Structure formats: C-alpha cells, structure tokens
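Engineer: Using the sequences and the accompanying hints, generate a full structural model.
One line per chain: the protein sequences are A and B, in this order. Going by the numbering used here, 395 is the number at position 388 of the first sequence; the sequence numbering is gapless. Going by the numbering used here, 390 is the number at position 259 of the second sequence; the sequence numbering is gapless.
Hints were generated in silico from the structure; no laboratory data involved. Predicted, not measured: the structure shown is a model, and the values here were computed from it. Careful, some of the hints might be misleading.
Distance ranges between label pairs, derived from CB positions [to be verified]:
hint: 1; chain 1: B; residue 1: 474; chain 2: A; residue 2: 30; range: 43 to 49 Å
hint: 2; chain 1: B; residue 1: 175; chain 2: A; residue 2: 450; range: 29 to 35 Å
hint: 3; chain 1: A; residue 1: 70; chain 2: B; residue 2: 361; range: 54 to 60 Å
hint: 4; chain 1: B; residue 1: 512; chain 2: A; residue 2: 450; range: 20 to 26 Å
hint: 5; chain 1: B; residue 1: 185; chain 2: A; residue 2: 115; range: 49 to 55 Å
Beta carbons: idealized from backbone N, C-alpha and C, even for Gly.
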Amino acid sequence: MIVMPPPDAAVLARRGEIVAALRGIVPGEGVVDAEIGRRAFECDALTAYRQLPMVVVLPETKAQVVEVLRYCSANRIKVVPRGAGTSLSGGALPLADAVLLGMSKFNRIVAIDAANRCAVVQPGVTNLAVTQAAQPLGLYYAPDPSSQIACTIGGNVAENSGGVHCLKYGLTTNNVIGVELVTMEGEIVQLGGKHFDAAGYDLLGVVVGSEGMLGVVTEVVVRLLPTPPGARALLVGFPGIEGAADCVAAIIAAGIIPGGMEMMDRLAIQAAEDFVHAGYPLDVDALLIVELDGCEAEVDHLVAAVEGIARTNGATTCRVSRTEAERLLFWAGRKAAFPAVGRISPDYLCMDGTIPRKRIGEVLLRMKEMEKKFGLRCANVFHAGDGNLHPLILYDANQPGELDRAEGFGQDILRLCVEVGGVLTGEHGVGVEKRDLMGAMFNESDLNQQQRLKCAFDEDSLLNPGKVFPQLCRCAELGRVHVHGGKLRFPDLPRF
Amino acid sequence: MTQFQPKDAGEAAETILWAGSERKSLEIRAGGSKGGLGRPMRADHVLDVSRLAGVVDYEPAELVLTARPGTPLKDIAALLAERGQMLSFEPPDWRDLLQGGGEPTLGGTLACNLSGPRRLRAGAARDFFLGFAGVNGRGEIFKAGGKVVKNVTGYDLCKLMAGSFGTLALLTEVTIKVMPRPETACTLLLPGLADEAAVALMAGALNSPHEVSAAAHLPAIPARRLGFADSALTALRLEGPAPSIAFRAAALQLLFGSGPRLDAPASEAFWRKIGEVATLLSLTGRVVWRLCPTPAAAPALVAAILERSPSAEHFYDWAGGLVWLSLDAAEAGPDAGAALVRTALKPLGGHATLVVASEEIREKVEPFEPEAPALSALTRKVKQGFDPYGALNPGRMREGA
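Structural biologist: Here you go:
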C-alpha cells in the first residue's frame with residue numbers, strides 16, 4: 008500500500024475552529040462536518056484507498072473558492088480538490104488533515120459559442136453534458152473518457168483525460184483552450200480564453216494534467232468540433248496477438264488515422280461477450296474494433312482499405328457494421344469490458360501504461376508469465392491506436408494478501424511499460440496509485456524540475472500533497488541558489 | 132563574447148553551469164533564423180546548438196520522431212515525406228518576414244511554438260511535442276514527457292517549453308508526434324466577401340461536418356499580391372482521400388456558393404504563402420503585428436484599427452483567430468502602434484505580438500502581450516524555478532523572463 012503523508016496534529020487539534028471559519032465563508036450545507044456526510048467523499052474510483060477527510064467544503068461561487076483558499080493558505084491547511092470522484096489513480100483521495108474542496112456545485116454551462124467554436128463551462132459540468140448541450144448545433148466535445156456520464160470537465164482538466172477517440176482527436180490538453188484558475192494563495196489567473204495560443208508561457212498547458220496540484224479551476228473553455236456525419240466500425244478477429252498488432256501498425260503506416268482503434272484479448276472478449284452478447288467471435292486470441300468516421304465517401308473508401316489490410320495480416324473474421332445499431336453493438340462489448348470483468352471477479356485493478364505499439368506482442372507474453380508468478384488472472388483491453396494498455400488484474404479483496412499481490416502485479420506491468428520505452432500512465436494520471444513508481448521513469452533531477460514548477464504555483468505544498476511525487480516537495484531546498492564561484496573546472500571551457 | 136558549440140548534452144550542461152556560476156548569460160542559437168523575434172538580448176555569450184543535430188529515431192508506424200534540436204526543419208520534412216508523413220502543425224518559414232536569413236530548425240520551431248494554417252484544426256506545435264531532454268539554467272540535465280503518443284505521467288513540461296523562446300531550458304533532444312500526409316488536397320476560393328461576412332462564413336465552414344483543414348481571408352490588396360484578381364478572397368482547404376474531397380467540396384459549394392478551385396500543388400503553394408506572410412503584406416517602412424483575437428471579434432478589431440491607421444494592411448488566417456497586420460511605421464508612431472492595437476484588442480480577448488520592428492522599437496515596446504499582475508508573478512516564479520540566475524536568453528520575452 009502507498010503511504011500518505013502523516014497528518015499534522017496541530018491542524019487536527021484546530022478542527023472545530025477550522026470548520027467554523029469555513030462556515031463563515033460557505034454557508035449552510037456547503038460545509039459538511041458530520042462523519043456520515045464526509046464518508047461519501049472518503050475515496051474516488053480507486054476504491055482500495057480510503058481516507059475520511061477532515062472536512063468537506065462545497066463552494067458555489069468563485070468568491071467562496073478564493074476565500075476558502077486564502078483562509079487555508081494563511082492557516083497552512085492542506086486542500087484536496089475533487090470533481091465527480093471518478094479518478095482511477097486516487098487523484099482525489101482525501102487527507103486526514105485536509106479540506107476536501109468539492110466543485111460539484113459549479114455545474115453550469117455558461118455559453119455554447121458556435122461562432123468561436125467553443126463552450127464556456129463550469130468545472131462541475133459532466134463531460135457528456137457538454138456534448139449534449141452542443142449537439143443541437145451539430146457540435147460536440149471530443150475527449151470521451153469511459154466515465155463520461157459522470158466525470159466532470161474540471162476533473163478532466165486535472166487528469167488530462169483521454170478516451171477511445173484520442174488518436175485522431177487528442178486528449179483533454181488538445182481540446183481545452185482556456186481556464187480560470189484560483190491559486191492556493193487565492194489569486195485569480197486567466198490562462199488562455201477563446202483565442203489561439205498563449206501570449207507568454209503556456210501555463211494552461213501545464214495546468215491541464217497537473218492532478219489538482221497547481222490550482223483550482225473555476226471555469227473552462229473547451230473546443231467544440233462538428234459531429235462527424237457518419238461512422239462505421241469493423242470487428243476484426245485474429246488467431247494471435249501479433250497479427251492484430253501488425254494490422255494496427257499497417258493501418259497507420261497506410262496513412263489512416265481511425266476515429267477509434269481498440270484491441271481486446273481472449274479473456275476480455277469472453278467476459279464482454281458473456282455480458283452484452285455483442286456477437287464477438289470467441290475462437291480468436293485478439294479482437295480489433297476499428298472505427299472510421301467522416302463523410303460517406305470517405306468512410307466507404309477507408310473501410311475497403313482497412314478490410315484489405317486486415318486480410319493481409321491474417322484476420323480470420325472481419326465484419327463491417329451495416330447499420331448504426333450494429334456499430335453501437337460492436338462498441339457495446341468494448342465499452343462494457345470493465346463491468347464485464349467485474350462480473351467474473353469480485354475486484355479488479357485497472358492499469359494504464361502506454362508502450363510503443365511494436366512491443367505489444369512481447370509485453371502481453373510477459374504479462375502471461377506474470378499471471379503465473381502472482382497467481383492472478385489479467386484481462387487486456389487496449390487503446391491499440393495509441394499504444395495505451397488497460398490490463399485488468401482480477402483479485403478478491405476478501406482473500407488475505409490478494410490486494411498486495413494485485414498491486415505488485417500492476418507495478419511489474421508498469422515497470423515493464425517503461426522498460427520497453429513506454430510510460431507509467433497514458434490517461435489515468437499518477438495520483439496515489441503510481442506515485443512510488445515515478446522513479447522508474449524519472450530520475451531525481453527530472454522530478455526536482457517538475458517540483459520546482461509546483462513550487463512556482465504552491466510554495467507551501469498545500470494543494471493535494473502526497474500525490475504524483477514520491478517525496479513531498481521541499482521548495483526552499485529546491486529553490487536554493489548554489490554559488491560555485493569559479494571553484495569548478497572551467498579554465499579552458501571555450502574549447503568546444 | 133565567446134561562441135560555445137557544445138557537441139552533446141554534457142558539454143551544453145557544463146557551459147550553462149559555468150555561465151550560472153560566473154553570472155554570465157547565454158543567447159541560445161540554432162539555425163539563427165528567428166533572431167529578430169522578441170526583445171533584443173544583451174547576452175554575454177552565445178550558446179550555439181547547431182552541433183546538436185540529427186534524427187535519433189524515427190518510427191513511422193508509431194507516429195513518433197526523436198531528433199536533436201539543431202536538426203534543420205527541411206531535413207525532417209524530407210525524411211517524413213519519404214514515408215508519406217508530415218509535421219501536422221505546418222511550421223511556417225518566416226525568413227522573408229524577419230529578413231535575417233538563417234536555417235529554421237526543429238528546436239527553434241518548438242521553442243517558438245510556430246504553427247501554420249493547419250493549426251486551427253490539427254493543433255499547434257505544442258500539441259505535437261511529446262517529450263524532451265534538456266538543461267535548465269542551473270546546468271542540470273533533465274527530461275520530461277515520453278516517446279509515445281499518449282502520456283500523462285508528471286507535469287506536461289513540453290507545453291511549457293513550447294513558446295518559452297529558450298528562456299527556461301536548453302532543449303538537447305525532442306520527441307514529436309508526426310502524422311500521415313493527406314492523400315490529396317484542394318482549396319476552394321470564394322471571391323468578393325467583406326471581412327465580417329468572410330469570418331462568419333469561415334466559422335460556418337469549420338462548424339460544418341466537411342472537415343475544413345485551413346481557412347483564411349485575404350482582402351483585395353494581399354489577394355492581389357498573391358497574383359489573384361483585384362478582389363477579396365476567402366479560402367477553404369480540404370484534405371483527405373480523393374473521393375472524400377470531391378464529396379466535401381461539392382457540399383461546401385452548395386452551402387457557400389462556387390468559386391475557383393486550387394488543385395493539390397496550387398493549394399500547397401497558396402497555404403505556404405499564407406504561413407510565410409511576407410509576400411502578402413508591405414514590409415518596407417512598416418511594422419508587423421500578429422494578433423490572436425477571439426476569432427469572431429476579429430473583423431471589429433481590424434475595423435477599429437483601420438479607423439485610426441488607414442494605411443494598415445491585414446489578412447486573416449485560422450478563420451479569424453490569427454490576424455496579420457502591417458502598419459506604416461511613421462503613422463504608427465514611436466510605440467509602433469502598440470497602444471492602438473492593444474487597446475482595441477483587450478476588451479475582445481486575445482493577445483498581440485509585435486513581430487517585425489527595428490531593434491530600437493522592440494527594446495522600448497513590449498513585443499509580447501503584457502501580462503496581468505497575478506499572471507506576471509507566476510511567470511517570474513516559473514522562470515526562477517528553471518533559470519534562477521537568468522543565464523538563458525535573458526529578457527527575450529519580457530523583463531526578467
């Protein structure tokens with residue numbers, strides 16, 4: 008288990024006073040003090056980790072957010088921001104001595120601005136609600152994490168969320184063009200807006216994906232795109248993983264960027280088919296769903312091209328959706344893959360590494376060996392287009408030691424991702440879950456430089472501490488200016 | 132002044148460590164094609180990274196390329212073209228605009244976050260910047276990001292490097308996402324529209340499902356400079372497989388009326404000129420501004436400026452999200468029109484950069500949009516966190532950064 012920083016006894020001792028002060032800023036039910044109320048916030052979607060927050064604050068206005076942060080900053084009280092709590096990496100895990108700042112009441116769509124192809128929304132608006140509001144104008148918001156009915160835009164900004172359409176349409180960072188941010192000190196900063204690009208340092212670019220550690224977002228401007236006029240999906244089965252991986256590489260090498268390209272392994276196919284009866288072939292080791300979107304002429308053209316590539320790469324089945332209902336059925340199995348796996352196992356851990364696609368065969372093979380080593384099963388669903396793996400490790404939390412084994416398995420998978428040239432997380436974030444693995448990917452000077460950025464925004468490390476970095480930030484030490492005074496070896500430096 | 136030419140990241144780090152400890156500053160230079168951008172620098176020495184060049188790794192099927200920053204952009208483009216790929220953000224060549232010669236490099240392009248016409252659809256240079264190794268102002272080698280197309284591990288420092296003009300760290304190796312070249316392209320030209328109508332039309336075209344990959348509007352003067360008849364031109368580019376383009380072009384013409392059509396080679400030349408800017412505007416005796424306003428507000432912004440500066444010339448790219456403006460230097464006055472441009476822009480949202488002006492003017496007038504106090508404080512703290520001694524490109528963007 009990952010250990011969180013020890014609570015500050017002095018802050019805990021002042022709990023009553025802190026609650027009273029917060030009530031002075033956010034009236035009524037906006038401050039949740041009773042344990043039963045706080046219990047609802049004790050974890051996010053990484054349910055293996057739970058912690059009752061010291062107090063929960065649910066502000067309704069920007070002014071309240073500013074005041075809460077000013078108060079906490081002045082009194083050196085930690086703050087953990089939270090959206091809908093759907094993080095799979097524990098990004099919104101509370102701390103025993105911290106205020107949990109829930110942004111759910113910021114749930115208003117401020118404007119759908121078709122002339123500027125964007126929407127202005129508050130951070131507590133759900134991802135899907137943005138698309139629903141834009142739909143009457145033929146527009147939508149492209150990033151679509153699988154939690155999109157529940158997850159909020161504010162959380163998407165914090166985690167730089169992805170989804171199945173990232174390869175073609177990008178992650179959150181490529182689709183958010185402005186935020187209003189309140190810093191830990193309570194300063195309001197506008198980053199970006201409805202215009203293109205930054206006037207100075209691209210601080211918007213670092214706030215997206217900063218896991219709630221640089222500031223609290225109070226408004227977001229997102230890019231809207233025209234809804235593709237049509238889409239068709241291909242369901243392609245292969246006798247081996249290698250054939251499927253080669254097929255993916257060949258599609259991209261042919262210059263085709265599908266709207267979505269997903270792969271599932273045998274266990275995931277079986278679980279999904281048993282659950283939703285999507286008509287998946289059960290005699291294959293790997294299944295690809297390739298979705299092509301655009302105008303009819305383009306989709307027809309690309310479907311024919313992908314069919315040809317699939318055959319060349321040894322596909323044993325290849326079905327093309329003929330109707331919209333059939334396309335959605337092809338997807339239904341994939342979209343239900345996580346709950347489907349939930350049906351065959353009491354618990355599962357969902358991992359999220361990215362690898363260079365050419366290493367997929369080897370990585371899956373080594374995961375099979377790990378299954379034996381840890382005595383646990385692993386199902387794989389995979390954003391194949393961009394190399395983002397989602398191994399689902401099946402375990403039973405009620406069996407002593409199984410969670411630890413599952414975590415060990417997950418960590419070995421992520422180390423393997425880094426070893427083959429990939430990264431620890433493609434879209435779920437580091438959070439608590441992968442915090443202590445950061446050293447597998449980054450050395451001390453890499454992490455120090457990241458933390459110096461954190462220090463520029465939050466010098467006292469009060470905002471969401473204990474996440475992302477294996478060691479707490481030491482801003483004073485990191486910022487120290489060393490004077491070398493010519494003692495080093497530079498007499499003949501101009502030689503090169 | 133010494134010119135350092137490190138051969139690797141280690142030597143670069145040693146140079147920067149030395150500069151920091153001696154309180155000397157360094158001007159980072161690669162191909163030297165963008166020296167005239169931003170505030171003039173008074174650095175003690177030059178850190179020339181032209182030896183940090185060459186492609187390290189290119190995996191077409193992974194859509195990933197890793198190279199050293201001094202690699203000429205033309206070499207990258209040629210290599211990608213061999214495999215039917217490209218830099219999707221369409222980096223423009225500003226040599227004729229800046230009139231300083233040199234050779235555009237990958238590192239310089241990323242450091243300035245330079246993007247061309249496809250930016251409005253595909254994203255900017257920053258959106259394709261996946262990872263890097265570099266040296267901070269303390270002389271420490273560090274890395275960030277990764278070498279895969281999808282990654283959220285740690286803060287996205289690539290975004291911070293893009294557009295920081297070498298003021299935060301020296302890049303020693305960069306990894307970018309590359310994309311397939313569209314099979315073919317064409318451009319529809321719609322003549323005779325006034326600015327307001329043209330910007331509205333471009334927004335409508337972009338909101339249509341017909342995947343317009345670039346949208347520009349040229350008033351009569353820049354249109355004539357490109358060799359077209361004496362009438363305003365609104366241009367919409369379509370890219371993709373041939374049958375798709377045929378369908379979409381027909382659909383757009385049904386929506387917006389028909390006009391001349393540029394085939395793939397003519398289309399390529401047209402958009403290259405739009406990105407390069409130089410042929411479209413008067414440059415002699417002029418100052419040139421690059422405005423990024425709220426797109427729909429662009430025509431009102433231009434009208435406000437033209438009212439006060441009647442000899443101004445302008446055109447729109449990015450469907451109004453980018454306005455290039457050339458002002459007569461004498462008419463613009465000693466501040467190069469900064470007060471006029473920025474006062475008009477401020478209430479509409481966006482930012483303005485003074486791109487072409489004499490060194491004296493760029494010394495006096497902030498070339499980059501001044502920042503509000505809270506933002507400015509953050510900028511300084513970020514700079515401090517990367518380059519506490521002010522060793523790298525001192526004052527290139529603004530005082531102290």
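Engineer: Evaluate each hint against the coordinates.
Structural biologist: Tested hints:
1. 474/B - 30/A: 43 to 49 Å: Distance hint for residue 474/B, residue 30/A holds at roughly 44 Å.
2. 175/B - 450/A: 29 to 35 Å: holds, 30 Å
3. 70/A - 361/B: 54 to 60 Å: holds, 55 Å
4. 512/B - 450/A: 20 to 26 Å: At roughly 24 Å between Cβ atoms, residue 450/A and residue 512/B fall inside 20 to 26 Å, so the hint holds.
5. 185/B - 115/A: 49 to 55 Å: Holds, since residue 185/B and residue 115/A (Cβ atoms, about 52 Å apart) stay within the stated range.
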